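Take a look at the letters that make up each chain.
Number of protein chains: 2
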Amino acid sequence: MYNNFMSRVLIKVEYDGRNFFGWQKQPNKRTVQEELEKAIEKLTGERVEVFASGRTDRGVHALDQGVHFDLEKEIPVSRLVTAINNLLPNDVSVKKAKKVANDFHARFDIKSKTYIYQIYNAKTKSALFANRSAFVNYDLDIDKMKSVADLLQGKHNFKGFCSADATVKDFEREIYSINVTRKGKFIKIEVTGNGFLYNMVRIIAGTIVDAGRGLLTEESVKKALENGDRSFAGRTMPPEGLFLTKTNY
Amino acid sequence: MYNNFMSRVLIKVEYDGRNFFGWQKQPNKRTVQEELEKAIEKLTGERVEVFASGRTDRGVHALDQGVHFDLEKEIPVSRLVTAINNLLPNDVSVKKAKKVANDFHARFDIKSKTYIYQIYNAKTKSALFANRSAFVNYDLDIDKMKSVADLLQGKHNFKGFCSADATVKDFEREIYSINVTRKGKFIKIEVTGNGFLYNMVRIIAGTIVDAGRGLLTEESVKKALENGDRSFAGRTMPPEGLFLTKTNY
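So the sequences go chain by chain: L and E.
To convert, take the position in the first sequence, counting from 1, and add 520; that gives the working numbering.
To convert, take the position in the second sequence, counting from 1, and add 520; that gives the working numbering.
Hints were generated in silico from the structure; no laboratory data involved.
All of these numbers come straight from a predicted model, not from anything done at the bench.
Worth double-checking, as some hints may not be accurate.
Identical copies carry no separate label here, and so any pair may be met within one copy or between two of them.
To be verified - Here are the simulated DSSO-like pairs of lysine-lysine, each with C-alpha atoms no more than 30 Å apart in a straight line:
(1) Lys643 to Lys618
(2) Lys766 to Lys615
(3) Lys742 to Lys689
(4) Lys618 to Lys545
(5) Lys703 to Lys618
(6) Lys619 to Lys666
(7) Lys593 to Lys643
(8) Lys703 to Lys593
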C-alpha cells in the first residue's frame, strides 16, 4: 500500500500565458490559479486555495512556477502529477509534485527565482513567436546590453526599476546574475535573484534593450540605481516575452 | 522613384496554426488564406485570390509557406512585407516578398518542400509546447526510428502513407532526406521531398514513432511501401506537431 501520504504539497507548474489573465483569480477572467484549483477539486473533491511563488501578469509564461496547497485526503504524490494533468486544459501542466513540511510556503520560502526575457530581433515579425517574445526590429548592440546587465547585478535599491505597488516598503533586492545571449534572431536576458519587485524583470529588460539601442547611457542606469527615479531606467517591456523559468527552494 | 513594380508576387508566410481551421477558405471558419486576402485587400483595395504551395490542415504551422497572387496596382515589393504585416493578426506574418513571372505558380513550380514533425518526449506534458508538438510519454528508440526513416528515403509509391484523397492518381513521390534528431525532450523528424500526399508527413512521422516504440517492424514498413496498404504503416500523428519549414522554388 501507499505510505507516501501528504498534507501540504509543492507542485511545479508550466503555463502558456497567452490565453490567461495572469496568475491571480479574478471574477469572470480565466486565470492559472483558478484552473489549478478547479482541477484539484475535480480530482480530490476538496476546495483548496493554491499559493504561488508570486503572481505573474496577463500574458506572462512559466516553466517552473512553485505552488503549494493543502489536502486532507491521502493521495500518493507519485500519482498526483498525471492525475491533475488529465484534468487541466492544454495550456497549464504540472511538472513535479512533492510533499513538504506543513509550514512551507511557496512565496516566503523561495531562495531564488530565474526569469528569461525573450526578444525576437529581426526586420520582420514572427507569427510563431508573437506570443512568446517581444518583437524588436531595430539593431541592438549586444556589448552595450551586457555592460548594463553587469551594472544591475548585485544588491541594490531597485525602486527605480519597478511599477507602483502600494504594499512594498523595502526596495532592496539582490540580483545574482544577468546573462544576455544572442542565438540567431533570438536574444535572451536571463535574470536570477532573491526576489523581484512588480514589473522589475520587464523594466530591467527594457533598460538593457534601450541601452542596446543607444537610447540610454550607463550613467542614466547608475542614476536610476542611486536615486530610485523610475525615469532614469528604461521602458517596461511587454509581458509576452517573459518566462518564469526556475523557482528554487 | 520606384522601378520595382509588380504584377505577380510570391510571398513567404509564417503562421501559428493553433487558432486556424487550416489554410483553405471555408465559410464561417478562420483560415490563413482568408486573413491574407483580407489584409491584401485592405492594403491595395483589390480583391485577390492567393495560392499556396499546398493546403495545411487545421492546427498545422508554417515558417515558409510559399504563396502567390496578382496585383493590378503598382506597389513596390520592398514595402509590401511591412505593409501587409501591419494589417495581419499576430499569428500570421509575411517574411519575404518578390516579383515573379506571370506564369509562376506557388503550387506547381515547387522544387522541394521541407517539413519538421516535432515530438515532446517526456513523462509529463508541456503546456508551452502543447500546440506545437505531439506529446509522447513512452520511451522511443532513436536508432530504430532512424532505420525506418532510412527505409522511407528515395522514390517510392506512397499509397500506403496517405489518407484518402479522391483527386490523386499518381502516388509516386521522392523523399530526398529524412533526419531524426533528439535534443533534450524534443525529437525532430525533418522530411524533404519533391511533393507530399495528403497526411503523408504525419503518417511518416507516425510510422517512425511506432517503430521507435517497438510496435512496428521494418518488415511491416517495407510491405507498406511494396503493396501500398495503409494498414502496414504507422498511425497518423496529430497536426499540432507539424511545421512546413521550407518551400523551395
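Results of checking the hints against the structure:
1. Lys643 to Lys618: This pair counts as between: shortest inter-copy Cα distance 16 Å, intra-copy 45 Å.
2. Lys766 to Lys615: Close inside one copy (12 Å), not across copies (33 Å); limit 30 Å.
3. Lys742 to Lys689: Within one copy only: 21 Å inside a chain, 70 Å across chains, cut-off 30 Å.
4. Lys618 to Lys545: within (24 Å within a copy, 48 Å between copies)
5. Lys703 to Lys618: Between copies only: 27 Å across chains, 35 Å inside a chain, cut-off 30 Å.
6. Lys619 to Lys666: Answer is neither; intra-copy 40 Å and inter-copy 41 Å both fail.
7. Lys593 to Lys643: between (55 Å within a copy, 25 Å between copies)
8. Lys703 to Lys593: neither (48 Å within a copy, 39 Å between copies)
Going through the hint list in order, the structure does not satisfy hints 6 and 8.
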